[in-house]
Amino acid sequence: MKALLTLAMLAVGMGLSAPAMAISPEEVMADPRLEQRARDISKQLRCLVCQNQSIDDSDAPLAQDLRREVRLQLRYGMSDEAIFDHLRAKFGDYVLLKPPVTPATYALWGLPVALVLIGGLAFVMTRRNTAPPTTSTPTTAPPTTSSPIADMPPQDALKDDMGGAPPPAVIWGSMAIVLAVSLGLYALLGRPELTAQPLAERQDQILAAKQQQAKDNAKNTERLNSARAAADANPSSVEAQLTYAMVAAQAGAYGDERQGIARALELTDRDPSIVALMAEAISRDSGGMVTLPARKLVAETLAKKPAEPRALYLSGLAAYQDEDFPKAITIWQGLLAALAEDDPLSPVLARNIRSAAESGGLPLSDELERVLMAAETTPDEQAAMITAMVEGLEERLANTPDDPEGWSRLIQSRQVLNDEDGLMRAAFGAAAALREDASAQVRALTITLERNTGRQYLAEAADVLARLRMINPDSLELLFFDGHFAVLQGQNDRAIDQWSRFLDALPEDAPIRDDMIAQINALKQQD
Amino acid sequence: MTRQRLMFFIPAAVFLAFLVMASVALYGTITGSRSPDQVPQSVLIGRPAPDLPEHALSDELAKTLAQFRGQPVLVNFMASWCIPCRAEIPALDVLAEDVVVIGVAYKDKAADTRAFLADYGNPYQAVWMDDDGRAGIRWGIYGVPESFLIDKHGRIVLRHAGPVFKSVITDVITPALDQLK
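Listed in order, the protein sequences are those of chains A and B.
Residue numbers for the first sequence follow this note's numbering, beginning at 1 and rising by one.
Residue numbers for the second sequence follow this note's numbering, beginning at 528 and rising by one.
With the rest of the complex left out, here is chain B (with noise of 0.2 Å):
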């Protein structure tokens, strides 16, 4: 008797958790805590920033990374085509006065970079083109916007994937370039 009231309650048990599991993961996309466009942690934060693209939109954006080492860098991955790059440009301005920024147009065409910078604005000291996306594949981006926050030794030690808005700053690269110091 006591065994088979068992045998109802185990699986009715192992729903229950189930539900509550669903119920948790429901919640948490509701309130935006949990996303399922969230982007897993980078593997390479803590390694060597991977090489830039080879072409630059001019030569005097041409800046490599070795030119910046000893100061931290922000690589910003963007696109004339990409909507949310172009909100990010304000912040990035912002963020430029402390950090050296450096723009990788992500499989973009040269002319269109260029427009884009002239209507958006140039944060950038350096602009990288990346125009079959294999830089992308080298720094395991998912899209654009993502930006990797680079040390003076030209170690990776973050990487923010979507827009760099102020509350971006505050929140996440502040700190960071705080705890660089």
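Isolated chain A, as found in the complex (with noise of 0.2 Å):
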């Protein structure tokens, strides 16, 4: 019994590995004679679609076609000759797998005579010239001498044939350049990354995946279900209709998304935004192709709402896949200028509009090139970058500190940062380095009051201060900041008298007159 079961299983194997069988049973011709005509006339007609097949062998629908073309020819009473040329006049000579004697195929069919005439000329031309030339017997040899043994080479004839052989630069040479031709191939074609992934070992992994994809698949639905519950429960919510539409594109429910923004497209009296949201549904339905519908739709869009980034996007990209790279590059451009530097959108936008300026053959001008590398980051990535370039300057700075315009660089980049240690160095050491500079006394001075960081830093100020005085002892700031440092230190008579100096030499209409007043007083009550 189980062998029984095995011997069917092995035929039913069998029927499914041997070829197909081209002709099926409704195309045979009840009369034979017809029958046999028409195979023997398929047997010479191309499969047009298969190429090297002939339409008695090819499985394809256009030769079944053919094949059905052929019999009702045969049933209308017409000749192999008429057939062919019925066929010909439609496909041309193509159509034969036998190509006709004509000018365009002389080459073809004169080629093989040629070779043969050739090969056979050269052949003559060895026998003579083998003939024995050691000895003084004349080609034209006496009778007795022409046995078939006598016509063979002499054995020092065949040394003399090795003897002509290629010299062996020729042979080293001609090595060369196979095997220079075969790693250029390689190298123009070899994919030595693509290494081999056998199926057998990754079964876990296949079934895992499946099963996550199950697991997926159920959440999905069963979100997907109680959205749409909720969108019918409210069927006055535009929320509500486009959290149905959204959940129904995440489990690729793309009639329900649909479904979802009609609904939504109706409460809202066709708003702008949920236009764009529908041509973008088609658009998703059909495979990513921006259809005419969807056109339609993103111009109506567009009209109400210049600005619309979805709308905009999806006319990007229509303009790419009508291969008007162009346009797609200057609206998309337009949109990711139009973005907030972390929006999700941006890095597709920008390998978009690399894979556009590269398939347009378009050069991307250097401005263009740094937004797309800033697109392409996310900001994480990008704070990595600026960190590491201000690593690097700092250590620069440290050993070349006389550059004021590297400290301006790395006191912005730490302010970008919000790394207070390191701005309070970047602030300091830039002090200290450029000690002839009052402006970057007065910056350090001031990133302390910015940064409320005074009290931690009042040795470091102290030196600053003394520098500004050196400098410039009168100078409004030293005044200032002299008064501000020594209210931190508690010394508020100090601080009194130099704000009350500061506060003399402010212009009348100084707006940090009443201000500065208040402080004052403030501490004069203190005391």
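Just so you know, the hints here were simulated from the structure itself, not pulled from any lab data.
Among the clues, some could well be false.
Pulled from the structure, derived: some chain A residues nowhere near chain B, Cβ distances all over 10 Å [to be verified]:
{"id": "1", "residue": "Pro32"}
{"id": "2", "residue": "Glu35"}
{"id": "3", "residue": "Gly92"}
{"id": "4", "residue": "Ser174"}
{"id": "5", "residue": "Arg191"}
{"id": "6", "residue": "Pro235"}
{"id": "7", "residue": "Gln321"}
{"id": "8", "residue": "Pro326"}
{"id": "9", "residue": "Glu341"}
{"id": "10", "residue": "Glu369"}
{"id": "11", "residue": "Ala374"}
{"id": "12", "residue": "Ser413"}
{"id": "13", "residue": "Ala433"}
{"id": "14", "residue": "Ala466"}
{"id": "15", "residue": "Gly490"}
{"id": "16", "residue": "Ala510"}
Label-pair restraints from in silico Cβ distances [what the hints assert, rightly or not]:
{"id": "17", "chain 1": "A", "residue 1": "Ala107", "chain 2": "B", "residue 2": "Gly555", "range": "14 to 20 Å"}
{"id": "18", "chain 1": "A", "residue 1": "Ser237", "chain 2": "B", "residue 2": "Asp578", "range": "55 to 61 Å"}
{"id": "19", "chain 1": "A", "residue 1": "Met125", "chain 2": "B", "residue 2": "Asp705", "range": "57 to 63 Å"}
Quick caveat, the model's predicted, so the values are computed rather than measured.
All C-beta atoms, glycine included, are put in the ideal place defined by N, C-alpha and C.
Can you join these two chains into the complex? Each is in its own frame, and there are hints to help.
See the structure below:
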């Protein structure tokens, strides 16, 4: 019983693996003579889509149609020649597996004949040439020696043949050329990074992925059902409809997605942004193609809201799909400039712009290149890049401190990175390095004020104040900061003194006057 | 001696010539200028357009080639099951502003063709149904999409195998149309 089952399974397996029968039973003609002719004609006709199969062999739909056409013509009583001509008039000589002799095929038909002739000639010439050159016997040998054996070239002649072999340089040279060409081809076409990934070794991985997918599907379906229920329960809530559409899109249920958006469209009287959502949903449903109906919706959106990002994205994509790459780049570039830096669409746009430039063979300007690079990196990556750059700069300034511009950049970068310790280090470093520069001193002090870090850096600030006093003992800044640090150290008298002098030196209409007066009064009251 | 040298160099030269030919072909394949999928030139060029199928998708879409005699027409063989046919619809829509575009749904079901036109748009003034592919044989098509440009006398002037993209319009169809003027 078991053996029988095995046999049956084997038979089924063989049936599956055997080449599919090209001719199906319903095609066969009732008249065996006509059927034979149909088969003979079919053997001489090319299956145009499989190129080197006859329509008698091929299972392609076009071959099937052609077989039916041949049988139809036979039924009409046409001759074989007429049928060939009929098809040649539609498909050209290419439909005939045996090409006719025409000027275009002279070379094809003539070459084999020519090769046989050349070969024969060469053979005759060698025979003559290998006639024994060592003996003085003339080539027209007397009849007595014309036995087949005597016609064989003598041993010396054979040796001479070997001597006629090409010099080693030619052999080595040819081998080198073949090797170089092979290596060149490998460099051009080779894909060493594509290693074998046998399925058998990845069974666990595949199984796990399948299970994960099944789980995801179940979860998506559940979410979709509850979103649909919510949308049905709140037919007048635009938000519920849009949530339904979004969940449907995530679950790959594009019909549901469109339904949800359609309801939202009705509720909002065709809000342009929702029209754009619909255009996107239609494109998604068409495998990412911006179809004509989607384009109409995009145009509708942009007519009412020219900066709608989704519609702009899709119109760029439509231009891209039309192979109008400059237009696609212009649209996407404009959109990229309008987006916030950390918008998740930015890296997508950057990639698309690159791809459009590549497809259209268009160069990217340096400016655009910089914009794309910035868009392609995430905020974290950007921070990491800046940190690395800043650390390099800090190291460089430690070695060559006389670089005001370098210090300014370092301070700015530290401010961007919001690194307080680094910022204070940079500010005081700059003040110490540029000891003749009053503005560097003032900058350091200003930063302590802005960051409210004066108390932690009293010693450094004292150095800076001392330097500022050396450079310009009468400066307003010196008076102000001297007072400020006096307050921080609890020296209120000194602070009142310095700030009063500061107040006297201030112009009458300075906006901070009132503030200063209030602070001085506050100090006086503390005493 | 020299003869024997010759006996080595002739086959070597023949082999080298073969290598050069193969390299040229390979180079063409790599760069895309030579494709084994390229379809030979249609023999119908310069000949009167063959008959369209007998049935149209609907009565409004049953316009014949004869009705457009006197102006250029593009006959586009397509099918709802054909993916590249979806991609060419926007370009055909643009082309339809200058030229009458007639669709022939090749081996397609009417319901599927209708759904296809609803989903992807309808640039066609007429849509005929080639259910059994016989019109396809009359026109000598290899597959879909394939398009034929017909002049005002009803003669085929151009055949394009593969989807009509905008680049095909600018590079191939517009020059052919200009020549017709």
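The hints, checked one at a time:
Listed as a non-interface residue, Pro32/A keeps its Cβ farther than 10 Å from every Cβ of chain B; the least gap is roughly 25 Å. Against the 10 Å criterion, Glu35/A stays outside the reach of chain B, whose nearest CB is about 20 Å from its own CB. Chain B draws Gly92/A into its interface by the beta-carbon criterion, the shortest separation being 4 Å against a cut-off of 10 Å. Distance check for Ser174/A against chain B: the nearest CB is about 8 Å away, which does not clear 10 Å, and the non-interface claim fails.
Distance check for Arg191/A against chain B: the nearest CB is about 14 Å away, which clears 10 Å, and the non-interface claim stands. A cut-off of 10 Å between C-beta atoms confirms that Pro235/A is not in contact with chain B; the least separation is 26 Å. Distance check on Gln321/A: its Cβ comes as close as 7 Å (rounded) to a Cβ of chain B, failing to clear the 10 Å threshold; non-interface status is violated. No Cβ of chain B comes within 10 Å of the Cβ of Pro326/A; the nearest lies about 13 Å off, and the non-interface call holds.
Interface exclusion of Glu341/A from chain B stands, the closest Cβ pair being 33 Å apart, more than 10 Å. With a closest Cβ-Cβ approach of about 26 Å to chain B, Glu369/A is found to remain outside the 10 Å limit, as its non-interface label requires. Every Cβ of chain B is farther than 10 Å from the Cβ of Ala374/A; the closest lies at roughly 32 Å, confirming the non-interface assignment. The beta carbon of Ser413/A sits about 47 Å from the closest Cβ of chain B, which is more than 10 Å, so the claim that it is off the interface holds.
Separation of Ala433/A from chain B is adequate, the least Cβ-Cβ distance of about 59 Å exceeding the 10 Å criterion. Listed as a non-interface residue, Ala466/A keeps its Cβ farther than 10 Å from every Cβ of chain B; the least gap is roughly 74 Å. No beta-carbon of chain B comes within 10 Å of the beta-carbon of Gly490/A; the shortest separation is about 78 Å. With a minimum CB-CB distance of about 66 Å to chain B, Ala510/A clears the 10 Å threshold, and the non-interface call stands.
A hinted range of 14 to 20 Å holds for the C-beta pair Ala107/A and Gly555/B, which are about 19 Å apart. Checked against the hint of 55 to 61 Å, the pair Ser237/A and Asp578/B passes, with Cβ atoms roughly 57 Å apart. Range check, Met125/A to Asp705/B: Cβ separation about 59 Å, and the 57 to 63 Å hint holds.
Consistency note: the structure conflicts with the earlier hints numbered 3, 4 and 7.
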